Amino acid sequence: MNVYSRPIVFLVLAIVVISVGTLVTTFIPLFAKTTSTPIDGIKPYTALELAGRDIYVREGCNNCHTQTVRPLKFETDRYGDYSRGGEFVYDRPFLWGSKRTGPDLAREGGRYPDAWHYQHFKDPRALVPDSNMPAYGWLEDTQVDPAVAEKKMAALGFPYTADEITALNGKTEMDAMVAYMQKLGRDFKEIMAAKNAQAAMPASALSNPYAGNKSAIEEGDDIFEVNCASCHGKDLKGGIGADLTAASLKFGGTDADLYASITGGRPGGMPPFKDALGDDKVWRVVSFIQYVRGGGEEAKEAGHGGHH
Amino acid sequence: MEKEVNYEYGVVQGFALSALFWGVIGVLIGILISFQLVYPELNFAPWLTYGRLRVVHTNGLAFGFGLGAIFGMFYYITQRLAKAPLPFPKLARVHLWLFNAAIAAAAVTLLLGYSQAKEYAELEWPLDIGVVVIWVMFAVNIIGTILNRKEKQMYVSLWYILATIVTVAVLYILNNLAIPVGLLKSYSVYAGVDDANVQWWYGHNAVGFVFTTPILAMFYYVLPKATGAPIFSHRLSIIGFWALIFGYLWTGAHHLVYTPVPDWIQTTAIVFSIFLIAPSWASVVNGYYTMNGRWDQMRSNYLIKFLILGITFYGLQTIQGPSQAIRAVSQVMHYTDYLPGHVHMGTMGWVALTASAAIYYVIERVYKTEVYSVPLANAHFWLALIGQLIFSVTMWFTGLQQGLMMMQRNADGTLAHTFMEALKLNYPFWIMRGVGGVIFFLGFAIFVYNILMTIQKGKRLGAAAA
Ligand code: HEM
Ligand code: HEM
Chain A
1 MNVYSRPIVF LVLAIVVISV GTLVTTFIPL FAKTTSTPID GIKPYTALEL
51 AGRDIYVREG CNNCHTQTVR PLKFETDRYG DYSRGGEFVY DRPFLWGSKR
101 TGPDLAREGG RYPDAWHYQH FKDPRALVPD SNMPAYGWLE DTQVDPAVAE
151 KKMAALGFPY TADEITALNG KTEMDAMVAY MQKLGRDFKE IMAAKNAQAA
201 MPASALSNPY AGNKSAIEEG DDIFEVNCAS CHGKDLKGGI GADLTAASLK
251 FGGTDADLYA SITGGRPGGM PPFKDALGDD KVWRVVSFIQ YVRGGGEEAK
301 EAGHGGHH
Chain B
1 MEKEVNYEYG VVQGFALSAL FWGVIGVLIG ILISFQLVYP ELNFAPWLTY
51 GRLRVVHTNG LAFGFGLGAI FGMFYYITQR LAKAPLPFPK LARVHLWLFN
101 AAIAAAAVTL LLGYSQAKEY AELEWPLDIG VVVIWVMFAV NIIGTILNRK
151 EKQMYVSLWY ILATIVTVAV LYILNNLAIP VGLLKSYSVY AGVDDANVQW
201 WYGHNAVGFV FTTPILAMFY YVLPKATGAP IFSHRLSIIG FWALIFGYLW
251 TGAHHLVYTP VPDWIQTTAI VFSIFLIAPS WASVVNGYYT MNGRWDQMRS
301 NYLIKFLILG ITFYGLQTIQ GPSQAIRAVS QVMHYTDYLP GHVHMGTMGW
351 VALTASAAIY YVIERVYKTE VYSVPLANAH FWLALIGQLI FSVTMWFTGL
401 QQGLMMMQRN ADGTLAHTFM EALKLNYPFW IMRGVGGVIF FLGFAIFVYN
451 ILMTIQKGKR LGAAAA
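Each protein sequence line maps, in turn, to chains A and B. Take the first sequence: its letter number 52 is residue 52 in our numbering, and every next letter is one higher. Take the second sequence: its letter number 162 is residue 162 in our numbering, and every next letter is one higher.
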């Protein structure tokens, strides 16, 4: 009568034993609405974004990058708002990853301008000298196939138009990848931005505690070099980012305007630095920029001599 | 007596050698990817970029080396414990060839970027179908042998073998369900949170039913044979077995702590992870107590060294694993290099040491001879042990360092470190880890040489006797 002498009974018993946990933790949750209902405002992928996502899968970017921000303060300060289940309902497969050899990408959309991504994929170390990310310049050599893209959109049941498919002609895999990077977390950020719009505080109410302070300016110089120079140039004359020495700045040149540009970011690809730097460091950078704008650049260049 | 049974040993040897072959390839790729993380210029071509190679490393070792050894050892152990030959030896030979063809096809398609991007389930749908076919061929022979057995009671190893066979089938099929959109492209039938939950139910149990239960089957078989003493406690074996296969299936979401997967699933997984310490340690205790009064064999019998260090790493692994599931610990080490430290204590320590012992033991029996060189086997042991310790210890250290740096704040409340500041500090540790890998590889190369020479010697003796 014992199961150890009856292989078939033993097998059936084993199946029953492994099924309990499977049913409770894996099978039953498949029918829960909470995990499969999109948050209002989360949109499916466009044909170009989906093509980019499939290249992400093909290249195994998920082996170095995660796509989920944990609801922990140190994590949201670094990467942005934490991930919600309803953001992922169009993701097949999910791409949360299990290892951060590179930073999380769940909120990558809008963090950098397109130009930054093109340059970064071609040569990551040109922008981030110590990066170990492989270069992906060869993504420019292959074009997206509109027919395949259409078939995929249809298989997933995502809405698309004939024009959208025609527009894929001539797009490279690199274009698709950059489009996908800009899509990551974008819808969610827009939802939150709309919610927060009313609560915003007028920037003009602020004043710079370090205006003209020498040591603050020097520190601001260092902070600028680490965080800003890759886009605005060491001389502040621009590159990927705007020329900060221009006589008139698009978003204004007062201390309060600069503070707002830096802490909140600007839509054309200026990332927000409020969480990364904090008020104190931002004011030091503002002081530095004002110093350069006020003609301090020559003085600085002369002082540093051959160091640059 | 024994001469009367016509055991099928050809496939046993075939699978053992296949495992060694894929083991060499997989470990070499492991060394390459660990250096790619420090020297990105080593990403020589699109198909040799880290993102693709890491997957070839994990699949090559889990399935090429791991499953190869498991198939070979299970064919041997099952026939011996049943005292019956395989009912379909030809089918087993086809199984051997298909297995190698499938691993080769897996390596090629993964290098070309055909991937489902779910860990340990990367293979695209046509290969998935092949894997299922291969598994059924295997199951038919093993279950058939057990049904034909001459020994009424099934020994512990057979329990683990049967549990492995059914559970892997269920896991693999359910997690790989997908809608094909081309010959080598498909989309998972599950989306987002559901996909994540199903994947890690699978992923953790791939660890449970590829890296744990089959290896325990080998351990329970080889330890009493090598020591000449029965397993310490049958009752402990029974409790350990049922509690382990019951508990494992609840724990998948410990890979998803702090993700959008519902909290109750995470908490359940954490609780069952702690629970798993008990059945895991049932086997550790069984192993240690079996050695009671025989600890001198650690010096006199090279197999015992592999087995006892193997079960020791299993014991450490099954304490460390549950601790990682706890939220407070997960906050720090999740996503860092601490994890590869855990993984490789399990794979290079527990799995590789135990499977090596089984392969040495079985090849000796298949050829009715002794291993070619005990000193070489000892060298293999020490190199594997040192290589693994360097790997795990460096990764634990740098992983913790990175995890803590990500949390640290300045006096004004801002984050103290950028991502890159922490990443840079990994570089020296990744180099040391690579060196550990090279040492491990030297041990593995000696292992392969020793096995090949044992087979040569066996063949010569066989020819002389005939
Ligand atoms: C009681 C037993 C065990 C428990 C509770 C356990 C727990 C865990 C946890 C919580 C993680 C994920 C950590 C994270 O991502 O934050 C993990 C990862 C892992 N463990 Fe274990 N572990 C156990 C035993 C083992 C054993 C025996 C092996 C054998 C090799 C193993 C191999 C792995 C692997 C390969 C991963 C990495 C999965 C991935 O992210 O790709 N574990 N384990
Ligand atoms: C010379 C020996 C080895 C070296 C140098 C090596 C290297 C590596 C590296 C660099 C990674 C990637 C870690 C990361 O994401 O940061 C990795 C992952 C992995 N390796 Fe190995 N490895 C070796 C041996 C093995 C063996 C023998 C096995 C299995 C039997 C194995 C199984 C795995 C698995 C399952 C992962 C995925 C871990 C995860 O997702 O967290 N490795 N290995």
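Don't read these hints as lab results, they were simulated from the structure. Being a predicted model, the structure only gives us computed values, none of them experimental. All residues carry an ideal CB built from backbone N, CA and C; glycine is no exception. One thing to keep in mind: the hints can contain errors.
Unchecked claim - List of simulated lysine to aspartate or glutamate pairs, DMTMM-like, C-alpha gap at most 25 Å:
(1) B:Lys424 - A:Asp222
(2) B:Lys368 - A:Asp123
(3) A:Lys274 - A:Asp163
(4) A:Lys43 - A:Asp163
(5) B:Lys424 - A:Glu225
(6) B:Lys424 - A:Asp163
(7) A:Lys214 - B:Asp128
(8) A:Lys234 - B:Asp128
(9) A:Lys183 - A:Asp280
(10) A:Lys151 - B:Glu421
(11) A:Lys237 - A:Asp123
(12) B:Lys90 - B:Asp128
Claimed, not checked - Now the in silico label distances, taken between C-beta atoms and shown as ranges:
(13) B:Asp296 - A:Ser98: 55 to 63 Å
(14) B:Gln153 - A:Ser98: 40 to 48 Å
(15) B:Ala105 - A:Gly41: 16 to 24 Å
(16) A:Gly295 - B:Leu425: 39 to 47 Å
Stated by the list, open to error - Footprint (simulated), chain A over chain B, 3 or more residues, beta carbon under 8 Å:
(17) 264–271
(18) 287–294
### Task
Check each numbered hint from earlier against the structure, then list the numbers of those it violates in ascending order.
2, 3, 6, 7, 8, 9, 10, 13, 15, 18
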